[in-house]
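Novice: Sequence:
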Amino acid sequence: MSERNLRKERIGIVSSNKMDKSIVVSEVKRVKHPMYGKFVLNTKKYVAHDEKNDCNTGDKVRIMETRPLSKSKRWRLVEIIERAK
Numbered sequence: 110m111s112e113r114n115l116r117k118e119r120i121g122i123v124s125s126n127k128m129d130k131s132i133v134v135s136e137v138k139r140v141k142h143p144m145y146g147k148f149v150l151n152t153k154k155y156v157a158h159d160e161k162n163d164c165n166t167g168d169k170v171r172i173m174e175t176r177p178l179s180k181s182k183r184w185r186l187v188e189i190i191e192r193a194k
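Start counting the sequence shown at 110; every next residue gets the next number (my numbering).
Rather than coming from a laboratory, the hints here were simulated on the basis of the structure.
Keep in mind it's a predicted model, so treat the numbers as computed, not measured.
Cβ atoms here follow ideal geometry from the backbone N, Cα and C, with glycine treated the same way.
One should not assume that every hint holds.
What the hints assert, rightly or not - Derived SDA-like pairs (lysine to any residue); straight-line CA-CA distance at most 20 angstroms: (1) Lys154 to Asn114; (2) Lys138 to Met128; (3) Lys169 to Gly146; (4) Lys169 to Ile190; (5) Lys138 to Ile190; (6) Lys169 to Ser179.
What the hints assert, rightly or not - Quick list of simulated restraints, FRET-style, between CB atoms: (7) Arg192 to Met110: 34 to 40 angstroms; (8) Lys117 to Arg192: 22 to 28 angstroms; (9) Met110 to Gly146: 46 to 52 angstroms; (10) Leu150 to Met110: 40 to 46 angstroms; (11) Tyr145 to Glu188: 36 to 42 angstroms.
Sequences are here, hints too, so could you generate the full structure?
Specialist: Quick look at the structure:
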């Protein structure tokens, strides 16, 4: 039996849950500018599959890479780390 490769995981904040069974997760990274040394915030958005429509805007979630589920969805929800207050 062949071993499954490791899947990439990301942690981010849910920025939209307007779609059915889908969420948009924003991951913010602090990256040091190569020349000036100042830290810059980079935001990357991922569209993830939320089977139970369980997430709300502002929740902190963990998502995992998966096979393509639609044109833009390549991630799925693993767990909700922290609910929005």
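Novice: When the structure is checked against the list of hints, which entries are broken? Sort them ascending.
Specialist: Violated hints: 1, 2, 3, 6; rest satisfied.
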